Amino acid sequence: MNYLFDPAHWTGADGIPTLLGEHLLYSMIALGIAAILAIPLGIYIGVTGKGVFMIAGLANALRALPSVGLLILLVLLISPAFPSKMGYILPSLIVLVLLAVPPILTNTYAGVRAVDAAAVDAARGMGFRTMKILTDVQLPCSLPLMLSGVRSALLQIISTATIAAYISLGGLGRLLIDGKAQNDFSQMVAGAVLVALLALFFDQLLAFITRRVVSPGLTRRTLKTATATTDVTVIPAAA
Amino acid sequence: MKKYLTGVTAAAAVALTLTACGGGDPLSSSSSQPGGDTGSSIIVGSADFPESQLIAKIYAEALKAKGVSVQEKPSIGSREVTIPALKDGSIDLMPEYGGAMLQYLDAKTKASSPEDVTKELTSKIPSGLTLLQASDAQDKDVLTVKKDIADKYSLKTIGDLKPAAKELVLGGPPEWKTRVNGVAGLKSVYGLEFKEFSALDAGGPLTLNALLSGQIQVADLFSTDPALSANNLVALEDDKNLFLSENIVPVVNKKKVTDTVKEVLNKVSAALTTEDLIQMNGRTAKFEDMGDIAKDWLKSKNLA
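Residue numbers (the working numbering), protein chains in the order written: chain G, 1 to 239; chain E, 1 to 304.
Hints are computed from structural coordinates only; laboratory data are not their basis. Please read all numbers here as calculations on a predicted model, not as lab measurements. Just to be clear, a hint being listed does not mean it is correct.
To be verified - Straight-line Cα separation of at most 30 Å, BS3-like style, residue types lysine-lysine; simulated pairs: (1) G/Lys85 / E/Lys195; (2) E/Lys187 / G/Lys85; (3) E/Lys162 / G/Lys85; (4) E/Lys66 / E/Lys295; (5) E/Lys162 / E/Lys177.
Generate the whole structure from the sequences, applying the supplied hints.
And the structure:
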């Protein structure tokens, strides 16, 4: 742990604050892009029931991609086109986005699908239009599952963003990779502990946010539905 | 609540896995394996780049051909990891590069010629280890630039980089950050301060790719890399001898040196040339099997 408490390691381009900042920057950009891609797509698939095969096939296949292998392949393919740091940032972001899309996509889709059909019927009976049903009934009801997808995606991104250091970028992986090459184990331990703490912090933060934004009336019932969806994958579509 | 708990458990599991990687010295577990005391068996290790693995393979095959029992532990890591492994008996034999190893043992060394390096190395080698005969074959670190960069800044030697360094990005392995024959030495010996240092791999595909595609302008490559001539790259002359002569020499655990081992490895060292290395590295770069390359070479020199 000496590494963490040495003031020399808290300043400069390889200092812990800089690395932490870079790590968060890569993670948040990747999460943002993944959310922009996956949430609308998940909602669309959940509401219309079109393209369910894509969830089952593509999204789950994406989870199996080996991150480091993909990263090096992408660097060799992409970096000749960008003679700057972008040649490394782009491949890293693609890898992280591909990692984050499946959990967000499948959870959004499952969340929308799991909304009680009776609630949707009741809303329609009250004269709600399709769009209004989506924004006022289906989305609020699916929020807990959607957010848990975002949460697991963020955890994976934070722990995997360390591989960016393998291709010379910053982030907390720098401590792991440099520590290994220099046989400096306290540096490696510092990196590992920081990544773990960062992941735990964001996990708790998102858990807190989930509790704050999800309607209190929902929590008991959605919990039951959420457990049900993990067993039964296909639930009859709401009319 | 159940979901919430699962989340916490998952995070804790991530935390545990990550800290497990950093905890303690991973080499100490391998040294407790029976490998260290199986009598005559020699454990051949190598550094984590292809040429070291290839030479280790040659040592292993040459020893096997003379009936010595051999275990192989290839691609262990950088010198900061392999020398401790040699000392604690996790491995018994590995190919080393004279100059780089001397600088690892004595950062302030002034030796530069092959003779001086070998002499100093022999006196400074950690107790328990010994050097066998060094080969004439050399593989030095060379700072390499593309032809257009060399023309633009009229670069011939590393010293010529001085006015240009501020605009150029240097690329090399992560251990270069702290090494004398790396960033530290380039600053103290040549007074070079680059715009940035980019930590890639040890003269491998990432560094070469970065140099060719322009993420870095100056790269640490190896003088026996066939990519140098294939890509028309300019190797800058090391006019202040920062990178010492790097004759390939077998480093062995004293307890494992028998007459056969000594004879076999000395013959390998005597037969190996720099040209052989360039040619064999060309074959490794095409993903040919290292075992085949090693056996072909041994056959061509009548050593197996």
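Going through the hints against the structure:
no.: 1; hint: G/Lys85 / E/Lys195; verdict: holds (13 Å)
no.: 2; hint: E/Lys187 / G/Lys85; verdict: holds (24 Å)
no.: 3; hint: E/Lys162 / G/Lys85; verdict: holds (23 Å)
no.: 4; hint: E/Lys66 / E/Lys295; verdict: holds (13 Å)
no.: 5; hint: E/Lys162 / E/Lys177; verdict: holds (19 Å)
The structure fails none of the hints (numbered hints given earlier).
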